[in-house]
Structures are given as structure tokens and as C-alpha cells.
Amino acid sequence: MAIALGIDTGGTYTDAVLVEQASGEVMATAKALTTYHDLSIGIGGAVAAAFDGHSASPADVSLVGLSTTLATNAIVEGRGHPVCLMLIGYDPELIQQYGFQRDLVTQNVVYLRGGHDVEGEEVEPLDETAVREAILARQDQVQAFAVSSYFGVRNPAHELRVRALIEELTTSASRQPLPITCGHELTSRLNSVRRATTAALNARLIPLLRELIATVRDTLDALGISAPLMIVKGDGSLVRAEWAMRRPIETILSGPAASVVGAWHLAGRRDVWVVDVGGTTTDIAVLHDGRPRLNPEGAQVGRWRTMVQAVDAHTVGLGGDSLVRLDGPGRLAIGPRRVVPVCTLASHHPGIVDQLRLQIGTGQGRGLAGQFALAQQRKAVGLSDDDRDLLQHLGSAPQSLDVLVDKLRYGTLALRRLERLEAQRLVLRAGFTPTDALHVLGDFEQWNAEASRIAAQLLAAQLDLSPEAFCQRVIAGVSDQVTTALVSKVLGDEVALPDWEREPSAMALLARALGDAPASDLDCRLTLRHPLVAVGAPVAAYLPRTAQQLDTELIIPRHAEVANAVGAVAGGVMLQQLVLIRPVGTNEHIRLHLPDGIRDVGSIEEGVAYAQEVIPARLRALARQAGADHVEIQMARVDRAPSVREGWGQEIYLGTDLTFTAVGRPSPADSH
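In the working numbering, the protein residues as written are 528 to 1199.
Rather than coming from a laboratory, the hints here were simulated on the basis of the structure. Given the structure is predicted, the values throughout are model-derived calculations rather than measurements. Even for Gly, the Cβ is constructed at its ideal location relative to N, Cα and C. Possibly wrong hints are sitting among the right ones.
Pairwise CB distance ranges (calculated) [as the list claims (entries may be wrong)]:
{"hint": "1", "residue 1": "E651", "residue 2": "Y563", "range": "46 to 52 Å"}
{"hint": "2", "residue 1": "L1105", "residue 2": "Q1075", "range": "52 to 58 Å"}
{"hint": "3", "residue 1": "S1032", "residue 2": "A549", "range": "31 to 37 Å"}
{"hint": "4", "residue 1": "M554", "residue 2": "Q1152", "range": "27 to 33 Å"}
{"hint": "5", "residue 1": "R1056", "residue 2": "M528", "range": "39 to 45 Å"}
{"hint": "6", "residue 1": "Q1075", "residue 2": "G878", "range": "20 to 26 Å"}
{"hint": "7", "residue 1": "G888", "residue 2": "V1022", "range": "50 to 56 Å"}
{"hint": "8", "residue 1": "L990", "residue 2": "S1032", "range": "24 to 30 Å"}
{"hint": "9", "residue 1": "M1034", "residue 2": "A583", "range": "48 to 54 Å"}
{"hint": "10", "residue 1": "Q1152", "residue 2": "Q1075", "range": "45 to 51 Å"}
{"hint": "11", "residue 1": "G795", "residue 2": "S701", "range": "52 to 58 Å"}
{"hint": "12", "residue 1": "A1148", "residue 2": "L1181", "range": "40 to 46 Å"}
{"hint": "13", "residue 1": "Y625", "residue 2": "G878", "range": "33 to 39 Å"}
{"hint": "14", "residue 1": "T742", "residue 2": "H920", "range": "29 to 35 Å"}
Using the sequences and the hints given, assemble the complete structure.
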């Protein structure tokens, strides 16, 4: 029996599932806490638990799929390895004049003479002497190179030549060539600056993803699993780990993509809205005709707009581990800060229960009620003396924040220092969360419910509510925020993303639709036309209210709590190649813009025939490298001829776009 093992490393939990490949049936599931300092611990724990008590053995696994947030998180947090960005034919004065240098990711930028024009004609020969000098001067300072040529997508000749020179000059008897990313490999679209941004980000991520894949591979080997490892791309498709290591940028938004594919697999519906409630964030995306809708503008991660095709997801900082706090008189705020739930902290450090009782007895900690700080045993580099003192003061046990601030001088400044240490993952903050509310209400019972109840009592007292009524208000607040985010996504797709705080009339209508407004002569209802598939744990507590508010069908499929891990093995391999056919000059001849250069032909149909002759074989070989088996190739043709006529009624020909798509199932073995 062939088994696929799906793994998802989320912000809170690492999930593992065993799926029978022939039927697609989920055979076993397991969860373990994600261990940021060493992901192998959480991955190993989840995988081992999935096999525990099951008749299947690790030797039965023929395929492993991994959904990872590494690329997304690294870009948002500014992490990555040093790279050199080589720009061919770019104008440095224009880059500076328009402030584009901020978009180039690295300050190690080399401008080189060369480049092409929009028709693929060489504007200036490549300055190979300068290229050699730049490579030799930087090869010991960086861990990867990124190369982007002006109009390189119309003729990649100069990018390919620079790649060859980097490989030649950075290779020795004792060293493999440094990793290289060329802009034309990642996109076929015009936009020289964003292409350079995407290439530089990809180069920075290559060493990081190599480390992650090596860690996962070692963990699997230790468990006796030797199957091929696949990674989920941002569009929901799968690629072999070796392929992903060359193009890690394509794995951004891997988590949201996996959740959409997993929802499709588990729910069996082709046109739905998918809401994935995780520990840190809630992701909202749409499934149309069984495929995730992709963002045509390219994936946005943090402040970077890339040219990577990825799922069109709307993400909000709301999840089971979102901090619940009071934001002004009677106002309840949930998120976006993520903390460790009090119930989870108390399960590992039972002593905090007494600290919580002390706060009840003394009335302490109104602003920081139920919040704790816990130092992490990690190597700290580049800290100030004040930050080191704060870490030393925290010690090895959780400290109540209100007591900590009271003990330290300059309490507000101490909180700011604490936040800096949190950003570096040297300190964890714990507090009351929706997960704690579920423990109080008896809807979730995995951790220390007593700690949750005492923390709820601390906050509820400030609103003159019972702990149960307070927790019901928290759960309703999560539901309302999910509804608002879903409405925002729908409107953003069709009109524009609303800014509710600046549009009080729209906010008033939304409040009436949610049933949160006072009595009014104006009634308002909203209806979501497609069903809502909810995945994540425990969505059964949050999403029924959302579905009711939007008058739509709610589907919570079996195994919804591990949908991301299911999506890590439910997708297929898909690669695309765009070939442009364009007239040159005054339609004197026709030019093909191909992945390896340009080719002139006598007619449009001759160009189409040539592309159909050479591209499928090339794309099929690439798909097999990416891990596909039984590859099928399709071609879509779009002729660009506007309804404008000149002269004697002759139609203007603007060009033809040929999109070749290779689709295949993941190969369970190295068949290529």
C-alpha cells in the first residue's frame, strides 16, 4: 500500500497526516507544537505520533509533501543570506532618482553595461571584463548571486552569459559554484525593478531553504523514511525539494496555498470560499473550478511586491493564539499580536497558576492582566547591556509582566525592550487568547483549563462580566472579525479593499448586517453566494456565526484541523512556459521570444509551429525534474489584435501569447 506523508509547519502546531495515495483517504493525523529553535523536534514528534498505533510503517511511505512558512516569514522578518545583485543595462541614475534602490533588497548591487530592448535586440555588448572583476571581488563576501538584465525576459542572452561566468569563476576543486538566480527564470513579465527584486529575494532564500530541507531530510531518515520530498509552491502545486532549493521564492504563501488545496480535497467542492483559522493568522482565499485563484499582480509579502504567481489570499492577524486585551473602556481587542496561550504555558510551567491567583487577590495587572514573559535559551548576539540585563532578570521561569514592570525602572521603556527581544525570539510572551476562552467554555480541553479560567476572571472583572460571558464575547469577537475580513476580501476583489475606520457609513451598514447595531429603521443583510469551507482547529467554534451572518452554507470537512498537511500531498506538479510572438519593425518579420533566446521566422503560423515543436519536450523534461510523472502538455493561444484599423481597413497585429502548461502527478520515485 502506497502512503503519502503530508507535513505542515505552522505558526503554532506542526501537523502530520498519512494519506492512502490510491483512494486519497486520510488514514492518520497528528499534531505537535512547532519548535522554532529546532524545527526537527516538532516535525519528528508529529510524524512519529501519526504512525503511533497505526498498522502502516515508515517504510510504506512513497511520497512526502511539506508546506512551509519559511520563505514568507524570512522575507517579512528581513532574514536571508548576503547576496550580490548584478544588474545589466539598468540606469543607476534613474534607479536613484525614483528611489528604486529601496526595492533592490541588498545594498551589494553591481551595474553592468549591456542589455536589450523590448524587441530583444542587443542595445550594448555585455562588459565581460567588468563582470569578471565583480565576481572575483565578491565571491568570498556573498553566498549567492542574482542576475537581472534590462528586457532580459525578451532576450536572456546576457543573463545566461553572466551565469556561465559565475559558475566558471566560483568553482574550484574544493567548492561547488555559488547559487545563481536569473530573473528570466522566475517570470516572463516586464517590470525590470520588480524582476530584480524577485531575483534578489530568491537568491537570499536559497541557503535558508537548503538548511530547512536538510533538517527535514535528516529527520525523515532518522524515522526510516526514504521517500522523495516535495514542497508546496505558492500556487498550490508541488515540486521536488531539489527544484525548490533553486527557486525558494516560489514557496512564498505555501501555507495558504496548501490550505486551499486541502480544503478542495477534503470538502470535494470546486467553487467555494476557504477560511483557514490558524494559531497566528486567518487566511481567506477562493477556489474556482477546483483551482485556487492566483494574484495576477504577483504575491505581496511584507513590503515586497514580487513577480511570483501565488494564491490570492487575504491574511489578517487573527487566530487561536491572538492576544485578547482591553482597549479602552468596555472595548475588547483581539490580535494581531500572537502570544502563547496561558493554558499552554501553565501546562509546562504550573507555577504561573499561583501567580494568576495572586493577581486576583491583589487586583494587580489591570493593563497587563494575565500576561507573562519567558526567556528562551538561545544564543543572543549584538544585544545592548540593558537588553542583556533584562534577559538575566527574566531567568528561566515565566515572569508576570505587571510584576516585572513594577520591579524594573522605567517600566514603559522596559516593555519596549521586551518587545525587541520578542522580535528576535529571545523572549516569548504569554497571555489570554481565544484558545483560552475555548478551554473555559469546555470546547477545547488540551491544556490547563484552570489557568485559562483565572486569567478570564481577571479580564472579565474589568467589564463586570462572568468568566463564561466574557469568553462567549471573545468567541463572538473572533467570528465577527472573520466575517469582516471575508467581506473585505470579496469587496476588494470586485471594487476596492475597504478601509472600515475611514468609512463610517459602510461600517454602520456592516454592523447592521452582523447584527451588532442598535435598533434601527434600516435593516441590512449580506449573502455570500458560494459556500464557506472552514479549515483549521477549532473552526467549529468560530465559523457557524460567520456563516449565519453571511447567509451561506458552512462546510467543515472531516480532518479540517489538518487541511494544510493534507494539501501538502493532495496537489499535483504544474509548470508553465510563456512564449511571445511579436512583429518586428513595421511587421517586416515575426520574432519568437523563447526561454533561451530569440528566433525570427517568416510568419505567425510558422512561429506557432516552431514553438509547438520545441517547447513541449523542454517543458516535459523540466516537469520531470520538478518531480512529475505521466506529464501532459497543453497550449493556450491568445492573438492580440485590437479593434483598430488603419489605412485600407487592415487590422493591426500586436502579437500572440502562447502559454504551455505541463501537469503531472508527483512521482513516488526517481523515475527520471
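Hints versus structure:
1. E651 / Y563: 46 to 52 Å: holds (48 Å)
2. L1105 / Q1075: 52 to 58 Å: With a Cβ separation near 44 Å, L1105 and Q1075 fall outside 52 to 58 Å, so the hint is violated.
3. S1032 / A549: 31 to 37 Å: This hint is violated: roughly 55 Å between Cβ atoms.
4. M554 / Q1152: 27 to 33 Å: holds (30 Å)
5. R1056 / M528: 39 to 45 Å: holds (41 Å)
6. Q1075 / G878: 20 to 26 Å: violated (42 Å)
7. G888 / V1022: 50 to 56 Å: At roughly 53 Å between Cβ atoms, V1022 and G888 fall inside 50 to 56 Å, so the hint holds.
8. L990 / S1032: 24 to 30 Å: Given a distance of about 29 Å, which is inside 24 to 30 Å, the answer is holds.
9. M1034 / A583: 48 to 54 Å: Holds, at about 52 Å.
10. Q1152 / Q1075: 45 to 51 Å: At roughly 49 Å between Cβ atoms, Q1075 and Q1152 fall inside 45 to 51 Å, so the hint holds.
11. G795 / S701: 52 to 58 Å: holds (54 Å)
12. A1148 / L1181: 40 to 46 Å: Once the Cβ atoms are compared, 31 Å apart, the range 40 to 46 Å for L1181 and A1148 is violated.
13. Y625 / G878: 33 to 39 Å: violated (57 Å)
14. T742 / H920: 29 to 35 Å: Once the Cβ atoms are compared, 33 Å apart, the range 29 to 35 Å for H920 and T742 holds.
Of the numbered hints stated above, those contradicted by the structure are hints 2, 3, 6, 12 and 13, listed in ascending order.
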